[in-house]
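For the protein sequence lines, the chains are A and B, in the order given.
Take 1 as the starting number for the first sequence in this note's numbering and just add one per residue.
Take 327 as the starting number for the second sequence in this note's numbering and just add one per residue.
In case anyone wonders, no lab produced these hints; they're calculated from the structure.
A portion of the hints provided could be inaccurate.
Away from chain A, derived, C-beta distances all over 10 Å, residues of chain B [claimed, not checked]:
#, residue
1, G367
2, D459
3, T505
4, D520
5, G644
6, E682
Where chain B lies over chain A, by a calculated footprint (3+ residues, C-beta under 8 Å) [claimed, not checked]:
#, segment
7, 94–100
8, 212–226
9, 231–245
Beyond 12 Å from chain B on every Cβ pair, some chain A residues (computed) [stated by the list, open to error]:
#, residue
10, L27
11, K41
12, I65
13, S68
14, S272
Backbone N, C-alpha and C define an ideal beta-carbon position, used for all residues, glycine too.
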Amino acid sequence: MSMREITYRDALNEALHEEMARDPSVLVLGEEVALYEGAYKVTRGLLARFGERRVKDTPIAEEVIAGSAIGAAMGGLRPVAEMMTWNFAILAFDQIINHAAKIRYMFGGRVKLPLVIRGPQGGGKQLAAQHSQSVETWLAHCPGLKVVCPSSPADAKGLLVTAIRDDDPVMFLEHEILYNAKGNVPEGEIAVPFGQAAIVHQGSDVTIITYSLMTLKALKAAEELERDGIHAEVIDLRTLVPLDMEAVLASVRKTNRALVVQEGWPVCGMASEIAARIQEDAFDDLDAPVRRLTGKPVPMPYNRILEAQAVPQVPDIVAEVRRLAA
Amino acid sequence: MIPSASHPVPSGTAGSPSGPDGSPDSQVPLRVLSPDGGLEGEAPDLSPTEREALYRQMSRLRAFDNRMINLQRQGRIGFYGPATGQEATTVGSAFALEAGDWIFPALREAGALLVRGYPLRKMVAQLYGNRADDALGHQMPCHYTARELRFVSMSSCIANQLPQAVGAAWAARIRGDRTVVLGYIGDGGTSEGDFHAAMNFAGVFRTPCVILCQNNRWAISVPVEKQTAVREIARKAAAYGIPGLQVDGNDVLAVVAATRAAADRARCGGGPTFIEALTYRAGPHTTSDDPTRYRASEEAGRWPDPIPRYRAFLEASGAWDEERERGLQAELEGEIDAAIEEVEAEPAPDPASLIEGVFATPPALLRDQLEEVLRPRR
Numbered sequence: 001m002s003m004r005e006i007t008y009r010d011a012l013n014e015a016l017h018e019e020m021a022r023d024p025s026v027l028v029l030g031e032e033v034a035l036y037e038g039a040y041k042v043t044r045g046l047l048a049r050f051g052e053r054r055v056k057d058t059p060i061a062e063e064v065i066a067g068s069a070i071g072a073a074m075g076g077l078r079p080v081a082e083m084m085t086w087n088f089a090i091l092a093f094d095q096i097i098n099h100a101a102k103i104r105y106m107f108g109g110r111v112k113l114p115l116v117i118r119g120p121q122g123g124g125k126q127l128a129a130q131h132s133q134s135v136e137t138w139l140a141h142c143p144g145l146k147v148v149c150p151s152s153p154a155d156a157k158g159l160l161v162t163a164i165r166d167d168d169p170v171m172f173l174e175h176e177i178l179y180n181a182k183g184n185v186p187e188g189e190i191a192v193p194f195g196q197a198a199i200v201h202q203g204s205d206v207t208i209i210t211y212s213l214m215t216l217k218a219l220k221a222a223e224e225l226e227r228d229g230i231h232a233e234v235i236d237l238r239t240l241v242p243l244d245m246e247a248v249l250a251s252v253r254k255t256n257r258a259l260v261v262q263e264g265w266p267v268c269g270m271a272s273e274i275a276a277r278i279q280e281d282a283f284d285d286l287d288a289p290v291r292r293l294t295g296k297p298v299p300m301p302y303n304r305i306l307e308a309q310a311v312p313q314v315p316d317i318v319a320e321v322r323r324l325a326a
Numbered sequence: 327m328i329p330s331a332s333h334p335v336p337s338g339t340a341g342s343p344s345g346p347d348g349s350p351d352s353q354v355p356l357r358v359l360s361p362d363g364g365l366e367g368e369a370p371d372l373s374p375t376e377r378e379a380l381y382r383q384m385s386r387l388r389a390f391d392n393r394m395i396n397l398q399r400q401g402r403i404g405f406y407g408p409a410t411g412q413e414a415t416t417v418g419s420a421f422a423l424e425a426g427d428w429i430f431p432a433l434r435e436a437g438a439l440l441v442r443g444y445p446l447r448k449m450v451a452q453l454y455g456n457r458a459d460d461a462l463g464h465q466m467p468c469h470y471t472a473r474e475l476r477f478v479s480m481s482s483c484i485a486n487q488l489p490q491a492v493g494a495a496w497a498a499r500i501r502g503d504r505t506v507v508l509g510y511i512g513d514g515g516t517s518e519g520d521f522h523a524a525m526n527f528a529g530v531f532r533t534p535c536v537i538l539c540q541n542n543r544w545a546i547s548v549p550v551e552k553q554t555a556v557r558e559i560a561r562k563a564a565a566y567g568i569p570g571l572q573v574d575g576n577d578v579l580a581v582v583a584a585t586r587a588a589a590d591r592a593r594c595g596g597g598p599t600f601i602e603a604l605t606y607r608a609g610p611h612t613t614s615d616d617p618t619r620y621r622a623s624e625e626a627g628r629w630p631d632p633i634p635r636y637r638a639f640l641e642a643s644g645a646w647d648e649e650r651e652r653g654l655q656a657e658l659e660g661e662i663d664a665a666i667e668e669v670e671a672e673p674a675p676d677p678a679s680l681i682e683g684v685f686a687t688p689p690a691l692l693r694d695q696l697e698e699v700l701r702p703r704r
């Protein structure tokens, strides 16, 4: 399959174009997604190509963006709702947690809810406390939601295609820092299955388990560690629900050491969950306690230096792996 | 405060929706029947069978409520929320719809489900949550759901069904079908942000829907006067460019007329309508509530009962009499008895239904957890 290099933003945009062209029941709604083509230009060209019936600028009310998308999904469509950022989607968490996540169950399985809610999250742009949060843990905690965190343009496209075709509500968390990141994406249709982690760097000494932007940082750390003769295996989880624990456990059984890295807060985070499950299922394979490296439990500060201190950086990952491998 | 006095209804007046500008002089509640059942407005076009069906369904709902409250008191079901006093609003509004229209209920719309033809025994099964329950014992009692009848499961939280209702209406328009969506809300729910957001969405996009507020004067213990500073909730529609009107919610013919007109308009591309139905919650909020702690007993004793009011109308036209009434009551008793007997004989849900419907296909974590549940304990 021939490859070309495109940005994460354009990869997402391609997925939307292709799926809307393939399936007339797919539609896009959100604040400024039509005329303005999205705050991050992910919906570029959709209005011109598919018209305002299927590409809808909504009033500024996250609860009705999510709620009307839920209603439209029950009504037989496949809405993709954009949230300007996941920070603002917190206004719609009632619709997401109390409704989207539970409707199939509360109907005794008789209703499907093919719905995608997507948008950026994460820090790194000096946008401070209400623009820089990572909300994946809140969503992954709630049964009934699928949670996707792509780190590369190819995964951004392939996972969004799968999300749109899925019959369950999918929470699609893009990282704000990654929109301009470039990567190889195959030409034509790609669908990346949910629940399959990717080993993005092979190694035998330590397993680094991570996702989203932290995958890129872990890869840089792994390259640096190679120079010291430490071979780290880096696993990009790609989807948090469903979670590919088989890949994680297989790697840990090989390396006997594990570090879980996440950008968000430590308490009850994905890193806590993964660490607990490694210890439940691979305790005898471990040569050291599973380590977590997470964001600091503070609201994200604005100041550049403080912000950098608040989330894991490449040298932090390198230092943690060295400690583990020692 | 006496409910009938707080809802002054001028006689012989057929209300019309206020314009999108919300001209304040138009807020005269639509009424067809006088409080004693005399015909004083224009009755909606209904066949004799349909007229009788309205009465039968209201009576059926009342009998069902009374019996289910007793079952809850006996500890045979966990919880119940009656619609006593509001039968005309729920039965009349659902009756005005077409079969393919969607219903997004608030809290007290069991009558709409009866009108849709949902078997009474399935409602009992939902209250028991056993193997006969369509929702597999997953949902709290009274949160009925009937996918095939386009009746969405009730939401325990307030007003959040309306963003979904307007979204379903939007979907209908995109699909190009004739479906109209009826979304219910209570007077208390109009204080929520979701009410505002949904009304605004409906107004901006002229979605084919009817939003019906059952103003039963009480949000658990909070009277409507403390819920909003606006005397007529219907006026709120003006803020969204939506026609709003008040209807006497204890007059089933007026409710049919108002809802039918609104649904017809939505179906023909005329956009949404907001209806405030003035009614009264005669019973407790639910079996977990004791209204004597916050509501004067003289008020509760003088509520305007919609059922005798409509019965008087039927009797005046020779369509009903004491003998038929006795026959109906016996029939309802038999139907409810049989439903309870049938449902109580059903076993508990299949343990595997614990994980059914969390996702289309259960992921590994859920399958492991189910295995854990099913593993015999030593």
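Verdict on G644/B as a residue remote from chain A, using beta-carbon distances over 10 Å = holds (44 Å)
For E682/B, which was marked as not at the interface, is the minimum beta-carbon distance to chain A over 10 Å?
-> It is violated; E682/B is separated from chain A by about 5 Å at its closest Cβ, not greater than 10 Å.
Regarding the assertion that I65/A does not contact chain B, is the least Cβ-Cβ distance greater than 12 Å?
-> violated (8 Å)
Holds or violated: the segment 231–245 of chain A covered by chain B, criterion of 3 or more residues with Cβ-Cβ distance under 8 Å?
-> Holds: 4 residues of the segment 231–245 of chain A have a Cβ under 8 Å from chain B.
For D459/B, is the shortest beta carbon distance to chain A beyond 10 Å?
-> violated (7 Å)
Are all C-beta atoms of chain B more than 12 Å from that of S272/A?
-> The claim stands: S272/A keeps its Cβ more than 12 Å from every Cβ of chain B (closest is about 15 Å).
Compute the least Cβ-Cβ separation between D520/B and chain A, then decide whether it is above 10 Å.
-> violated (5 Å)
Once the closest CB in chain B is found, is it more than 12 Å from L27/A?
-> Answer for L27/A: violated, closest chain B Cβ roughly 7 Å.
Confirm or reject the statement that G367/B sits farther than 10 Å, beta carbon to beta carbon, from all of chain A.
-> holds (34 Å)
T505/B: least C-beta distance to chain A exceeds 10 Å?
-> violated (8 Å)
Separation of S68/A from chain B, once the least beta-carbon distance is taken, above 12 Å = violated (3 Å)
How about the segment 212–226 of chain A: do at least three of its residues have a C-beta closer than 8 Å to a C-beta of chain B?
-> Per the Cβ count (0), the hint is violated.
The structure fails to meet hints 2, 3, 4, 6, 8, 10, 12 and 13 from the earlier list, while all remaining hints are met.
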